[in-house]
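**Q** In case you want the letters, here they are:
There are 6 protein chains.
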Amino acid sequence: MRSDNRTAGQLRPIKITRHFTEYAEGSVLIECGKTKVLCTATVEDNVPRWLKGTGQGWVTAEYSLLPRSTKTRVSREAARGKQTGRTVEIQRLIGRALRAVVDLKALGERSITVDCDVIQADGGTRTASITGAFVALVDAIDYTFGGFGKFPITDFCAAISVGIGPNGPITDLCYEEDSAAVVDMNVVRTGAGNLIEVQGTGEHGTFSRNELNALLDLAEAATDELMANQRDVLGSVADKIGKVYPDALAMASEGDK
Amino acid sequence: MRSDNRTAGQLRPIKITRHFTEYAEGSVLIECGKTKVLCTATVEDNVPRWLKGTGQGWVTAEYSLLPRSTKTRVSREAARGKQTGRTVEIQRLIGRALRAVVDLKALGERSITVDCDVIQADGGTRTASITGAFVALVDAIDYTFGGFGKFPITDFCAAISVGIGPNGPITDLCYEEDSAAVVDMNVVRTGAGNLIEVQGTGEHGTFSRNELNALLDLAEAATDELMANQRDVLGSVADKIGKVYPDALAMASEGDK
Amino acid sequence: MRSDNRTAGQLRPIKITRHFTEYAEGSVLIECGKTKVLCTATVEDNVPRWLKGTGQGWVTAEYSLLPRSTKTRVSREAARGKQTGRTVEIQRLIGRALRAVVDLKALGERSITVDCDVIQADGGTRTASITGAFVALVDAIDYTFGGFGKFPITDFCAAISVGIGPNGPITDLCYEEDSAAVVDMNVVRTGAGNLIEVQGTGEHGTFSRNELNALLDLAEAATDELMANQRDVLGSVADKIGKVYPDALAMASEGDK
Amino acid sequence: MRSDNRTAGQLRPIKITRHFTEYAEGSVLIECGKTKVLCTATVEDNVPRWLKGTGQGWVTAEYSLLPRSTKTRVSREAARGKQTGRTVEIQRLIGRALRAVVDLKALGERSITVDCDVIQADGGTRTASITGAFVALVDAIDYTFGGFGKFPITDFCAAISVGIGPNGPITDLCYEEDSAAVVDMNVVRTGAGNLIEVQGTGEHGTFSRNELNALLDLAEAATDELMANQRDVLGSVADKIGKVYPDALAMASEGDK
Amino acid sequence: MRSDNRTAGQLRPIKITRHFTEYAEGSVLIECGKTKVLCTATVEDNVPRWLKGTGQGWVTAEYSLLPRSTKTRVSREAARGKQTGRTVEIQRLIGRALRAVVDLKALGERSITVDCDVIQADGGTRTASITGAFVALVDAIDYTFGGFGKFPITDFCAAISVGIGPNGPITDLCYEEDSAAVVDMNVVRTGAGNLIEVQGTGEHGTFSRNELNALLDLAEAATDELMANQRDVLGSVADKIGKVYPDALAMASEGDK
Amino acid sequence: MRSDNRTAGQLRPIKITRHFTEYAEGSVLIECGKTKVLCTATVEDNVPRWLKGTGQGWVTAEYSLLPRSTKTRVSREAARGKQTGRTVEIQRLIGRALRAVVDLKALGERSITVDCDVIQADGGTRTASITGAFVALVDAIDYTFGGFGKFPITDFCAAISVGIGPNGPITDLCYEEDSAAVVDMNVVRTGAGNLIEVQGTGEHGTFSRNELNALLDLAEAATDELMANQRDVLGSVADKIGKVYPDALAMASEGDK
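Taken in sequence, the protein lines are chains V, A, D, F, U and S.
Okay, so the first sequence: first residue is 1 according to UniProt numbering, each after it adds one.
Okay, so the second sequence: first residue is 1 according to UniProt numbering, each after it adds one.
Okay, so the third sequence: first residue is 1 according to UniProt numbering, each after it adds one.
Okay, so the fourth sequence: first residue is 1 according to UniProt numbering, each after it adds one.
Okay, so the fifth sequence: first residue is 1 according to UniProt numbering, each after it adds one.
Okay, so the sixth sequence: first residue is 1 according to UniProt numbering, each after it adds one.
Honestly, the hints are just simulated from the structure, not real lab data.
Hints should not be assumed to be uniformly reliable.
Identical chains share a label here; the pair holds if one copy fits it or two copies do between them.
What the hints assert, rightly or not - Calculated cross-link-like contacts (lysine-lysine; reagent style DSS-like; alpha-carbon spacing at most 30 Å): (1) 71 with 52; (2) 15 with 52; (3) 71 with 105; (4) 150 with 71; (5) 150 with 52; (6) 150 with 82; (7) 71 with 82; (8) 15 with 71.
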C-alpha cells in the first residue's frame, strides 16, 4: 500500500483547467495530486532563423520551478543568471514530445512557445507539464487557425512517470516516492499507442528487461487514462486532432471556446 | 467614467487568498481585478554576510512576470540570463517597503525572502505585490515564531498606484489606463497613516504640487481600504501586529492557521 | 547646525564645468561639494529597434561609480559582469528625468546617451548626475542641431536630494548625513516649476504628509537655485530652451561654444 | 546494406587507448569509427558541499565538442559564455551512468571528474564518451587507491546508440544514419546485464513496443561486445571490478600501468 | 645542463602531423616535447560586420586548454561561463601573428578561424599554437583556393619561447623551466627574418638590453629551425607561399593533399 | 615633422597630479598630451586565497575606458556584462609591471588594487596608466606603512609607447599616429635602467632587429624622462624607494602628504 493509499498502478487525482489565465492563446492549469503546473501556449508569426523561408513552423517549451513551489526554496534562475542543467533537460524533453504530434508544415511559419511554470511540485512535474502543455497547445492552435485545411495536431500526447519503489513498480510517483525509488522512468505516448519518448534511469540501482516491461505496462495504462481525460476536457475541439476539417465543422466548434 | 465603470477613487475588486500553496511558510494569492500575483514567504535560519553576528535579520523580495502573464509574451529572464532593470527596481521597492514594518532585531538572525510571481498582469503588479507580500510575510512570521516576546511586524503595510489620466487623478490603474496616464505614482503606507514610499513619475508629462496632493489623497483612501482588507483576511493573527504578546494570547491564535 | 555649518536648506557649493573633455558632443563636470560627476552626452544617428521609422528619437543614460570614488572601494561592475540593482535603478531615473524635458519628435531619429561617471561620491550622486547631465545634453543638442526649427529641449531640469535628519528636514545631504537620515527623497523639477519625479523612501522610518510637504518646499527652493546656476553656465545657449529658433539667433550663439 | 557495408547489428571498429595523455590519473582515447573522444579522469581530495562529512564521494562528468570536431564548425562554448542545452544534457547522462557502477561510500570523500572532449564527431559521441570514460575512471581509481579494501567500481558499464533507419533497427549509427533515423535510442548497461539508462526518442516519428524490444536486443549485444573490449584493454585491472581485494592481488596489478 | 639534457639553444623534439582530423579544411597536431596542440583551420564565406563590402577577409584564433592537459586540472571555461584573461591574451596573440603573414585582400571576403586546443601542456603552448596554426592555415587556404591569382599567405611564420633561467638564456622552456625563469619572452618571426611580435616579461626579475639581445639571438635560430620544419612538412604546398601562381603549378600540387 | 610639431623622440607634455581625489590611499591624474588617466590605489588587509598564510602580499590592476573617453563612444563593459579582450590584456600588463618593482614579502599580507580609468584617450593609455599607477602605488604604500623596516617599492617604473610611422621611429604616439604606425611597441623600464616588459607588435608590417633597437633607444630616453618627472612630483617620498628606512626619516616625510 502506498503512502496515500493508492494501488501500484493508480494515478493521483487529475484536474485540467482550460483558460486558466486570460491573455495566452492557450492556458491550462494541470493538477496531479499536489503537483500543479501552469502551461501557457503563445503563438507568434515568426520562426527561428534556420526555418525562415521553409514554410515550416516550430514548437518549443520553457520550464521553471517557482522558487517556493518546492519543500525548501530553490534559488530563482533569473537571479542566478543561469538555468540549471535539470531545467534545460526538462524543457528540451517537453519540446521534443510536443513536436512529435505537430505537423510543422501544416503549422506554417509560426512559432509556438509553451511555458510550463510549476506552482507546486510534488513529483512528476515534467510529465504533468507535457500532459498539460498538450491541451494548451491544442487550444492555442484552435484559437489561431481558421478551421480549414489540415489541423496541425496529428494525435494526442500524454506523459507519466513510473518507477520501481521498495514494493515494486508504481505509477505517478509523488516526491516522497520518487526520492525512494531505485529506478525512475518517464514515458511519453500518443493516442495511437506508440511511444514518443522513454527515459529510464537507474541512478540508485539498475533494472532488468522484465522490470522495464512492467514499467512500460504501467505507463501505457496511465497515459491512456490521461489522454481520455484530455479528450473529455477538450470537448468538441478534440475531434479536430488528426483530421482535415471543412469549414463547417470548424465553425461548429467555435462555441467551445 | 472609467472603462470598467469605476469612479475615480474606486479600487478594483480585491481578493486575498491565504495558504494558496502548501509548502511555503506564507503563501498568498492576491487578485486586484485581472492582476494576479502569487506571493510566497520563505524563512531561512541564516542572514547575509554583513549581518552575521549582529543578532539582526533581513527581509528581501524577488519579483518576476511569468512569460505569458502579459498581453504579449515577455521573454523569460532565466533564459536570457539577466533580470531586466524594471524587475530589479521593483524587487528592491518591495523589499524596502516590507522592511519598513519589520523589527529586524526582533526577527533575530533569520532571512525572509518573499517571492512575488505575477500570474496575470493588468497594471499595478508592483503595488499588488507589496499588499499581498505583507500578508504572506505576517503568516510566515506567525508560523515560525513561537508566540512570545515581541512580534516582529510593527504595523500594516499596503501599496497602491494612482495616476493622472485624461480626466484627472484616478486610483488603481489597469494596464490600459496606465499606458494612457501622463503621471504615474506608487504609494506605500502604514496602518498608522504614515508614508513609507512615494514614487511619482511624469515621463509623459509633469505635475504640480496640487496634482501631487490630489494623488496622495486618493492613495491614502485606497491604502486604508486595502489595509482593512488585510486585517479581515488575517483574522486574529492581525492582532499580533505591533504588539508584545504573552504566551496565552499567542496560543489563542493557533486555531487560525 | 550641520557638520559643515550649512543651514537646513543650504546647498553645498556647486560648480558646473562645460567642455570638460574634448571628444563628447556634450561634456560636463558637476561638483556638489565633494561629489563630482563627469557627464558626457553622445549623439548617434540611430534609434532602438522599437522606434525605427517613427521619426522619433530617444534619450537614455548610464551611470557608474568609479571603483574608488567611494570611501571604501566598490568592486568594478565590468569585472563582476553585472550592474548592481542600485546602478540600474539610478540610470533608469536619469533617463526618465531627461526625457521629460526633451521633445523626442523634434529630436528626430537620433539617440543620445548620457554617461554619468562618478569620480568622487559624497552623497547625492544621482541628483548631481541629473543636474549635470542636463547641461551636457543641451550642449550636445546645440552642437548637433543646425539651429533652425524647434530646439528639442523644452525646459530646464534639475534634481536634488532632501531628507529628514536628526534635526529635521535638510537639503543636499552629504554621505554622512544620508547614512543618518530616516527619510530620503529625490526630487526632479522643471524650470516651469512642475515635478518630474518624486522618490521618497523611509527605510529607516516613515514620514507624514506634513513632513513630505516640508521636504518638497526645500526641494523647490534648491532646484530653482540649481536651474539658475545651469542658466548662468549655459549663457546664450540657455535662451534656446523651449523655443523655436530662426537661423539668425542660432548663429548668434555659435560663439558660445 | 548500410553506407559503410555494416550489417544492422554491427559495431564500427572500436579502439580504446589507455594512458593517451600523461598527466591525468586516467586518460583514454576511444575511437568508434571516425568518432574520437578523449576521456580523462581527475581525482581530487574534496567533495561538493552537500557531501562534506558524509564519508561519501562523488563522480561527475563534463563534455565538450572541440569546435571543429564536426563537419561544420560549432561555436566554442567558452567564447559564448554558456554551455548549450545539448551539452548539459549529455554531461548529466555521463555522470549518472558512471555513478551507477561506483560505490560512492567505498570511494570516500573524493571527487572524480571525467572530462570527455570530442576530437572528431561522427555520431554516437555521448555513448562513446560513457564507454571510454568508464575505462579512464577505472584507471584513475586504480592509480589512486592503494589496493586494499573494497575496489569502488562495482561492475562494468558501456553504452551504445541504436535507432530505426529506413531499413529497420540498426546499431551504432554514424552521423549520416543518425540524421536519417526516425527513432534514436541510447542504452547504458552493466556487466551483469542490467540496464542503467534507456533514452529512446522519436522526434521524427514514434515507435511501438515491438520496435523498442528490437532496439533493446541490438543494444544488449552491442554493449556486451563493448564490455568485452573494455575487459581486454584493462587487462588485470579488470579483475578488481566488483571485488574486495587483498593487498597481494592489488600489487600484482601494479605492473599493468 | 638542462633537466632533459638539452643545450641552452636546443629545441625539444618537434613533430607536425597534417590532416590529423578529417573534417577541418586544415588540421594539424603539433608536438613540442610533451606539449601537444591540435590546430584546426575553418574557412567560412563571411566576414565580421566591419569588413562587409570591403573585399577583405579576416583571420582569427581561439585557444583553450583541455581541462586535464595540465598537471592539475584547470576548470573548464565553458562551465564557468568565461574565458580567463590568459586565454584571451593568447588567442589575440595567435590571431595577430597569423594576420601578419596573410594578404587579407587576396583572401577576399572570407573568415578563417584557427582553433588551438591544447591536448597536453608542458610549457610553450602559445608559441607551439602559432607554429602549428600556421601550417593548418596554409592547408586550409590551399584547400579552399583554386590555385590561381595570388596565394594569400605572404611568408612563413613561427614562434618560440625563450627565457632566462638560473644558468642563463635558454630556448623552448618546458613547464618546469618556465616556472623557474626570471624572464620569459615569446618571439614570432617571418621566413624573411623579420619580427612580428616580441613579448618579453620580467615578472620575477628584470632584464638588460644585453640579455634581451641574447634572447633574440636564441629565438632567431629556433624559429629558423621551426620554419625549416614547417617547409619540410608542407612539401610542395610550401612553394606557393608568397607567390602568384599560374594554374599549372597550382594543379601540380594537388597530389600533395 | 609630426602633426603636433614634435621631434621623433619628443614626449607630449606630461602632468602628474597627486591627491586628485580624496578617498583613495593613492590618487593620481596623469595627463600625456590629451590622454588623461585617473589612477587610484586601494590598500586592503587581505590577499587572494592562494597567498593566505604565506606572509606575502599582492598588487593587481584594473583598467577601463570611460565610454566617451574616445572619439566615438565605446559601449560600457558593465552594461555588456563582459570586459573586452583588450581590457583584460591591458590590466594584466599593468599588474605585472607594478609587481616587478614591489617587494611582495615586505608588503605583507595586503592587497593593493590600482584602478586606471581613462578619462580621455588619445593614444598611449596603457603606458600612461603604468606611469601614473606607479605614483599612486607609492603614495598608497607611503600612506599605509608606518615608515619603518623596508619600504616595499624597490625601484621606479615607467612605460612608454614607441612605434614606426611613415617617417621612421617615433616616441609617445597619439591616436592618429598610432593608427598609421606599422609597428607598435610598449616598453616598461625600471629606474636602474632594466627592462620589465617589451611588447612589440607588427600587425600592419614586420620589423627588423635594427628597427627594434632604434625603438628601444627611443624608449630608454623617454622612460628616463618620465621617471625624472615621477621623482620630482613625489618629492621626499621618492627617497624611500628601494631603501630600508629608520623611523626618523619616515617621519620627516610626513609633511609631504
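**Q** Taking the hints in turn, state whether each one holds.
**A** The hints, checked one at a time:
Proximity of residue 71 and residue 52 under a CA criterion of 30 Å is satisfied inter-copy only: 22 Å between copies versus 44 Å inside one chain copy. For a Cα distance limit of 30 Å, the shortest separation of residue 15 from residue 52 qualifies neither inside one copy, at 38 Å, nor across copies, at 42 Å. With identical chains, the CA atoms of residue 71 and residue 105 are at most 30 Å apart between copies only, with a shortest distance of 27 Å across copies and 43 Å within one. In this assembly of identical chains, the alpha carbons of residue 150 and residue 71 lie at most 30 Å apart only when taken from different copies (28 Å versus 45 Å within one copy).
Proximity of residue 150 to residue 52 under the C-alpha cut-off of 30 Å is restricted to the intra-copy arrangement: shortest distance 21 Å within a copy versus 37 Å between copies. For the homomeric pair residue 150 and residue 82, neither the shortest alpha-carbon distance inside one copy (39 Å) nor that between copies (39 Å) is at most 30 Å. Taking CA atoms no more than 30 Å apart as the test, residue 71 paired with residue 82 passes in both settings, with 22 Å inside one copy and 26 Å between copies. For a Cα distance limit of 30 Å, the shortest separation of residue 15 from residue 71 qualifies both inside one copy, at 22 Å, and across copies, at 26 Å.
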